[in-house]
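One line per chain: the protein sequences are A and B, in this order. The numbering used here numbers the first residue of the first sequence as 172 and each following residue consecutively. The numbering used here numbers the first residue of the second sequence as 172 and each following residue consecutively.
Derived by calculation from the structure, the hints in this document are not laboratory data. Model, not experiment: these values are computed from the prediction. Any given hint could turn out to be false.
[To be verified] Calculated pairs, DMTMM-like style, for lysine to aspartate or glutamate (alpha carbon to alpha carbon, straight line, at most 25 Å): (1) A:Lys336 to B:Glu587; (2) A:Lys288 to A:Glu342; (3) A:Lys215 to A:Asp242; (4) B:Lys407 to A:Asp252; (5) A:Lys336 to A:Glu492; (6) A:Lys565 to A:Glu338; (7) A:Lys197 to B:Glu492; (8) A:Lys175 to B:Glu492; (9) B:Lys214 to B:Glu202; (10) A:Lys197 to B:Glu384; (11) B:Lys496 to B:Asp536; (12) B:Lys289 to B:Asp242; (13) A:Lys497 to A:Asp386; (14) B:Lys288 to B:Glu384; (15) A:Lys579 to A:Asp252; (16) B:Lys336 to A:Asp503; (17) B:Lys579 to B:Glu492; (18) A:Lys407 to B:Glu408; (19) A:Lys496 to A:Asp536; (20) B:Lys197 to A:Glu212; (21) A:Lys572 to A:Asp460; (22) B:Lys197 to A:Glu492; (23) A:Lys579 to A:Asp503; (24) A:Lys497 to A:Glu578; (25) A:Lys336 to B:Asp242; (26) A:Lys530 to A:Glu492; (27) B:Lys336 to A:Glu587; (28) B:Lys197 to A:Glu384; (29) B:Lys197 to A:Asp503; (30) B:Lys215 to B:Asp242; (31) A:Lys197 to B:Asp240; (32) A:Lys197 to B:Asp460; (33) A:Lys497 to A:Asp516; (34) A:Lys176 to B:Asp235; (35) A:Lys579 to A:Glu338; (36) B:Lys176 to A:Glu492; (37) B:Lys579 to B:Asp242; (38) B:Lys175 to A:Glu492; (39) A:Lys260 to A:Glu492.
Residue-level listing of the chains:
Protein chains: 2
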Amino acid sequence: MATKKIALLGFGTVGSSVAKVLATGKFAGVELTHIYNRDVERKKSTPNAKFVPKTTVWTENINDVLSSDVDIVIELIGGLDPIESWLRKAITSGKSVVTANKQLIAYRGAGLLRLAKKHNVQLIHGAAVAGGVPVIPGLLQGQAGDQITRIRGIVNGTCNFILSKMEAGAEYADVLAEAQALGYAEANPSADVDGFDARAKLCILSRIALRAELDPEQVPTQSISAVQAIDFAYAKELGCTIRQISAAELVGATVQARVAPMLVPNTLPMAWSHGTQNMVVASGRFGGDVVFSGHGAGGEPTAVAVVSDLLAVVHGHSSVELPIKKRVVTGDFLSPHYLRFVVNDKPGIVSAIAGALAKVGANIDSLLQRPGHDKNALPFVVTTEPCLNSTMDKAVRIMGKMDCMLEKPLCLQMLEREER
Amino acid sequence: MATKKIALLGFGTVGSSVAKVLATGKFAGVELTHIYNRDVERKKSTPNAKFVPKTTVWTENINDVLSSDVDIVIELIGGLDPIESWLRKAITSGKSVVTANKQLIAYRGAGLLRLAKKHNVQLIHGAAVAGGVPVIPGLLQGQAGDQITRIRGIVNGTCNFILSKMEAGAEYADVLAEAQALGYAEANPSADVDGFDARAKLCILSRIALRAELDPEQVPTQSISAVQAIDFAYAKELGCTIRQISAAELVGATVQARVAPMLVPNTLPMAWSHGTQNMVVASGRFGGDVVFSGHGAGGEPTAVAVVSDLLAVVHGHSSVELPIKKRVVTGDFLSPHYLRFVVNDKPGIVSAIAGALAKVGANIDSLLQRPGHDKNALPFVVTTEPCLNSTMDKAVRIMGKMDCMLEKPLCLQMLEREER
């Protein structure tokens, strides 16, 4: 096996961990020849720089890599531009690519994969979803024979950290601040808490598992920021917890897909996922439910996925390629819903709410009201029998206009108690 | 991609499901040309025979397959002989092999893999462990970059069915009879309940995950048949349940390995595994714990693994090959232990038991005695601080000779409460 020359684009948390994992593993057939990063001198003084071979060329000029004779480019910078054009150049000049770039693969992966095939090189991205958890290789190779009809999971560690802390009693704003202090959440947490990060990953998983190409912009998202401690208390009464769930399901020619905080019954493995853990459940026609879980983020777990991809390419990897179809997305799942109201309590409120639900055709399954709250700001909960998200949206719009509502009603989809 | 000709050896539960999964998936590049089985006429009248193409040759003569021009042989018969010699002939004549034969791969896999490499064909066995759960592809491809130091799991669905029913209150003999009636357990259940099936799978996982070649005969096993309903009651008091655990850990140049019923704290994912579910936890130096779970057995889940392997070979699969070392096995884990006694209660028994433990150097951690038992056949439990299994074996030998013991003390290893 001839030694392959490797270039690393990005020497941040993951990139520097890749250097460490490579140096520690002493893998045959791999030579780190180039590292591209801005401000190379600063990077050279970071702790993991000691794992970089003395012969490696550090550069701030991407053309030093693209015009070199490296065989494989590892891209760990992220974002769409200029990364896509750099990787297109690499592929066109016969270099294989390993990347953990979820946005790039979600939005432009189909075209890049076609280009790689045309140039007879590999484009491999096992680290783009769930970091150290081998969901992508597991699906691509281990479940290729099945027909996966549904994929659900917890793929954003920041949201899972926040929600599992809230389950233990904390309030959203406090946990978000803690997550920011720990480096789990960005100063602007929108990509995580509003579901855009998870949405990109869901689209990648849909391509691989459902063989469905989705436009990420068509997949509805709901922020976790409206979830409050009181919702966990009510969820507990219902035998559930709350997690940010990314779900996609093949239904005829369309794909139902959504990223949202949802009520998860304690009987489902997804309810057991705590902290920054990731979990993906793939449901197959023949194989039933398969669960993958582990550390989805962090430098070293993600570096493991990157190095595993690299070794696959070095050892002559070739993915199973099955036909992928473009699919229209609908955010409309038929499922029970949880509605939480905060009202200024007056006679007739329950009747008005029941009326609004009746008007859109939704049936009430249960009504919960915990004692000990101020009548002037009374939180209470209604759960419904299965109905469409769009039906509930209509009901929420009607109810949001009622005088007694002190805040917009919170509507959360509830997962079914039983696995299929 | 040229169409590959496929032969299926064995048209039983898994083999016939492979025919069904292949026919339903309509995969390009695959043609089922031969089926070998005894009593072909009977097999042709089984329900899944309708999924077999009309052009497929059915034969009772293995040489019809071995002398044919098939490209890939799928072996689903099981056992060591004559299967090994058949597969050696297939490999030598340039055929790739897909197999779910755990005994063959555990005992003779190393030699067969070398032979396949020499003849430049594939030998792939993702279905040999945990059926439909892609543990083997996940480890081989997704975690190749990590250094896995420990592998633990629930890999025998029959034992998990029995023990999770006992957790719910049933007695061993009754559940075993139920498992036999349901077809989950053989008339002679020894391979399952005594741990030999799980041991073969543990050796395969050790080769792949720990890169350690073990002699299965060196791996100690303990039967689940001595576990009683009372042990689940005491385990519950200790915040645990009981599962058949297959565990292997790299410690210096040796591998600690054992298959036994163990106390599993409810905080660990393995405690959540119910029914015939399988679960494997791989602990890596860089990636931490990764959990795989799902349906480990049954015709269709196992057929998914077989067809996925087949597609990998058809699409030009090439495994990451990392160096594998022969390793000496020790069954000696340093861990807390659970000891359950049934005694004819007399003064001085606790003192005598404590004396026996002190003699071997084991410290008592807790002593539990549930009320409501007959003093003439009193079950009670002692747990110890961490000590070696061999130390406990000595203590059990000493205590087994005491006059008051009505049955042999049961000693179970306890897993630590915390994941690393």
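Results for each hint:
1. A:Lys336 to B:Glu587: holds (24 Å)
2. A:Lys288 to A:Glu342: This hinted pair is violated, its Cα atoms lying about 49 Å apart.
3. A:Lys215 to A:Asp242: holds (23 Å)
4. B:Lys407 to A:Asp252: violated (56 Å)
5. A:Lys336 to A:Glu492: violated (40 Å)
6. A:Lys565 to A:Glu338: Since the Cα atoms of A:Lys565 and A:Glu338 sit roughly 29 Å apart, the hinted pair is violated (cutoff 25 Å).
7. A:Lys197 to B:Glu492: holds (14 Å)
8. A:Lys175 to B:Glu492: holds (15 Å)
9. B:Lys214 to B:Glu202: Holds, at roughly 20 Å.
10. A:Lys197 to B:Glu384: Between A:Lys197 and B:Glu384 the Cα gap is close to 20 Å, so the pair holds against 25 Å.
11. B:Lys496 to B:Asp536: Roughly 38 Å separates the two Cα atoms, so the pair is violated.
12. B:Lys289 to B:Asp242: holds (17 Å)
13. A:Lys497 to A:Asp386: The hint holds at about 9 Å.
14. B:Lys288 to B:Glu384: Holds, because 17 Å separates the two Cα atoms, which is no more than 25 Å.
15. A:Lys579 to A:Asp252: At roughly 38 Å apart (the allowed maximum being 25 Å), A:Asp252 and A:Lys579 break the hint.
16. B:Lys336 to A:Asp503: Status violated; Cα separation ~38 Å.
17. B:Lys579 to B:Glu492: At roughly 46 Å apart (the allowed maximum being 25 Å), B:Glu492 and B:Lys579 break the hint.
18. A:Lys407 to B:Glu408: holds (24 Å)
19. A:Lys496 to A:Asp536: Violated, at about 38 Å.
20. B:Lys197 to A:Glu212: Judged against 25 Å, a Cα distance of about 56 Å means the pair is violated.
21. A:Lys572 to A:Asp460: Violated - the C-alpha atoms of A:Asp460 and A:Lys572 are around 42 Å apart, more than 25 Å.
22. B:Lys197 to A:Glu492: holds (14 Å)
23. A:Lys579 to A:Asp503: holds (21 Å)
24. A:Lys497 to A:Glu578: violated (39 Å)
25. A:Lys336 to B:Asp242: violated (55 Å)
26. A:Lys530 to A:Glu492: This hinted pair is violated, its Cα atoms lying about 48 Å apart.
27. B:Lys336 to A:Glu587: holds (24 Å)
28. B:Lys197 to A:Glu384: holds (20 Å)
29. B:Lys197 to A:Asp503: The given pair, whose Cα atoms are some 30 Å apart, is violated under the 25 Å limit.
30. B:Lys215 to B:Asp242: holds (23 Å)
31. A:Lys197 to B:Asp240: Measuring from Cα to Cα gives roughly 41 Å; hence the hint is violated.
32. A:Lys197 to B:Asp460: Given that 25 Å is the threshold and the Cα spacing comes to 22 Å, the pair holds.
33. A:Lys497 to A:Asp516: violated (49 Å)
34. A:Lys176 to B:Asp235: violated (47 Å)
35. A:Lys579 to A:Glu338: It holds: about 22 Å lies between the C-alpha atoms, which stays within 25 Å.
36. B:Lys176 to A:Glu492: Between B:Lys176 and A:Glu492 the Cα gap is close to 19 Å, so the pair holds against 25 Å.
37. B:Lys579 to B:Asp242: violated (55 Å)
38. B:Lys175 to A:Glu492: Holds, at about 15 Å.
39. A:Lys260 to A:Glu492: Holds - the C-alpha atoms of A:Glu492 and A:Lys260 are around 23 Å apart, at most 25 Å.
Hints 2, 4, 5, 6, 11, 15, 16, 17, 19, 20, 21, 24, 25, 26, 29, 31, 33, 34 and 37, counting from the list given before, are not met by this structure.
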